[in-house]
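Asker: Each chain is listed here by its residues.
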Amino acid sequence: MAQMNMKEAIRDAMRVELKNDPNVIVFGEDVGKVGGVFRATEGLQGEFGEERVFDTPLAESAIAGMAVGMGIQGFRPVAEIQFVGFIYEALDQMFVQAARMRYRSGGRYNSPIVFRTPFGGGVKAAELHTDSLEGLAIQTPGIKVIVPSNPYDAKGLLVAAIRDNDPVFFMEHLNLYHAFRAEVPEEAYTVEIGKANIVREGADVTIIAYGLMVHTAVKAAEELEKSGVKAEVIDLRTLLPLDIETIVASIQKTNRAIVVQEAQKTSGAAAEIIAQINENAILHLEAPVLRVAGPDTVYPFAQVEDSWLPNVDRIVKAANQVLNF
Amino acid sequence: MSKLPYEVHSEPVTPLSVLSPEGEVINEAYMPNLTDEQLKEIMYRMVFTRTWDERAVNLGRQGRLGFYAPVSGQEASMVGSEYALNKDDFVCPGYRDMPQIVWHGLPLYQAFLYSRGHQHGGQVPEGVHVLMPQIIIGAQILHATGVAMAFKKKGEKRVAITYTGDGGSSEGDFYEGLNFAGAFKLPVIYVVQNNGYAITTPFAKQTAAQSIAHKALAAGVRGVQVDGMDVLAVIKAVSEAAERGRNGEGATLIEMITYRFRPHSMADDTSKYRTKDEEGEWGLKDPLTRFGKFLEKKGLWTEEDTARVKEEAKATVNENIKKAEATEKMTVGGLIDSMFETTPAHLEAQKADFQ
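These protein sequence lines map, in sequence, to chains X and R. Be aware that the first sequence starts at 1, since it is given in the working numbering, and climbs by one per residue. Be aware that the second sequence starts at 1001, since it is given in the working numbering, and climbs by one per residue.
Bound-form chain X, shown alone (with noise of 0.2 Å):
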């Protein structure tokens, strides 16, 4: 099995799935030659050729707007937004066209696109480089939203993705695209979309995470361990849908749960999470559910960066808050 970290497997994923149906084929800002601004897409347009792998205009709408169009033809266009905070130009056809299609033609059409983007903080990029902006996918019907965390998920989420029949928007955290290797299968394969993943078992609290943030989690836990807690550590792994039975299973095992998110606090996939919980295991609560989340302002500049983002002792004091109510 190859050792692949983060960008290789989702370079991978979208290999070996231009090789497996004809109708994919990856387009966005600068993908082809030079491989994407993150090399996420090196060497396919080598592989595959400029019908397959191709530069477009800077556009975001139009990207998306020309996925939208070839999708109702047959084709699984994988469409890269250069930068997270460039979705903002694309979000009609992303969140509305792409995302209502099925809908409003009465399951006549469907929009089979995987709009993938990095995102995410601590990287000391520029100003709408990296901000968090899955709560606003998350909040619109008719996508789905992944996140992986590791490279062995990212390959088998983003091959389920291509293959789905609906719109996926796929968010790739810059931090972890060179953060570690891991064990990798050469071959296709997919991880079902919607189900999330324990990464460490414990009975005392559930923290609840998703891409970078599983990582900061685990090292959190870690923490708690040496004062005797034991957490356990769920990584979503997606959004939408929200795997709400495995959060659920875990809270009735350990009463009490945290949600961390890199993204502002307010409204967003954490607030979600936890109206869940509470519909669905509020007599299993010991505590309120809590959220380690960044402050509600823009995403900072570089300076402050790395105080914003919820890290190990914001993470540790909300599980003792919980623990302690």
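Treat the hints as calculated values from the structure; they're not laboratory data. Using N, Cα and C, we set each Cβ at its ideal position, and we do this for glycine too. A hint or two may mislead.
Subject to a maximum C-alpha distance of 27 Å in a straight line, what follows is the list of computed BS3-like cross-link-like pairs (lysine-lysine) [what the hints assert, rightly or not]:
#, chain 1, residue 1, chain 2, residue 2
1, X, K33, R, K1154
2, R, K1272, R, K1205
3, R, K1351, X, K195
4, R, K1153, X, K33
5, X, K265, X, K124
6, R, K1087, R, K1323
7, X, K230, X, K195
8, R, K1152, X, K33
9, R, K1153, X, K19
10, X, K219, X, K265
11, X, K124, X, K317
12, R, K1154, X, K19
13, X, K265, X, K230
14, R, K1185, X, K33
15, R, K1297, R, K1310
16, X, K19, R, K1152
Residues of chain X clear of chain R, computed beta-carbon distances all greater than 10 Å [said to hold, decoys possible]:
#, residue
17, R200
18, G202
19, K265
20, P295
21, Q303
22, N311
23, F325
Once you have looked at the hints, place chain R on chain X.
Answerer: Okay, now just chain R, sitting in the frame of chain X:
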């Protein structure tokens, strides 16, 4: 003022007309190649569309239709442009462009269902190549661009056509679509039906560009301007554009100068933003009158024919509105099930609340 040698400029364009307002052929060289039967069919469709429009406005007032955008005045550009296509070409309409997709094959009762907010309205039958009317003014421009990209990649000799209005030509998506089509040399036709008003905002306040057709220059696609009240000119221009697309010569932007005789939608009061004189002047260019005179002179059409088609149209509209009204109402459960190919658990749970 003389132009600077380094200044980019363009020259005025003259819209293509084939017929004078009196129905005389004034540009024989641009007469599309059509048989007498085809000419009569085009007139049939325009009269049918006018009658349907009149009925639809009344049905709207009676509460039997929902959202409806009147089309009278624009029959030449709508009916003519669709007539110039092949059945396997793909139509991406703007919100007013129901006639094109019906003449392209969408059953009329589904048009009424769409208007009434029923999702089956958009369940386009297999073999009919249309999207439903688009509400976001420029979004369909990009869908047509993507459809054209698909045709090009598959090596199919088909074209995509999309419509917007003069207001739509101010949208960012309009520029992005044109630019993509130029860069990728796509088989797509962008029709701007310039009817002089974006709801109530007059064209003079819409753009300072010399014309909408000129906007093609910047994108490197072909731009033409057509007398949109002259169905033969419309057919000529769209046929040419389609042929160019099929031959790999790329996209065409067609500005059709037209007019809507009625309000933008069922709600606005035209007297607040238009004059009677203006409406009267455009009335003289009525596409049905002009083409009707041409056909009468050729002995192909009479007033009796118009009366007969009107009756036929009324009966067909009645039959189809009844069919729409008799169609089982959509349900919240059905709506929920149309969000994803397989309804996820959280939506199954939400569905249970409505059963």
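Asker: Going back to the hint list, which numbers does this structure go against?
Answerer: none
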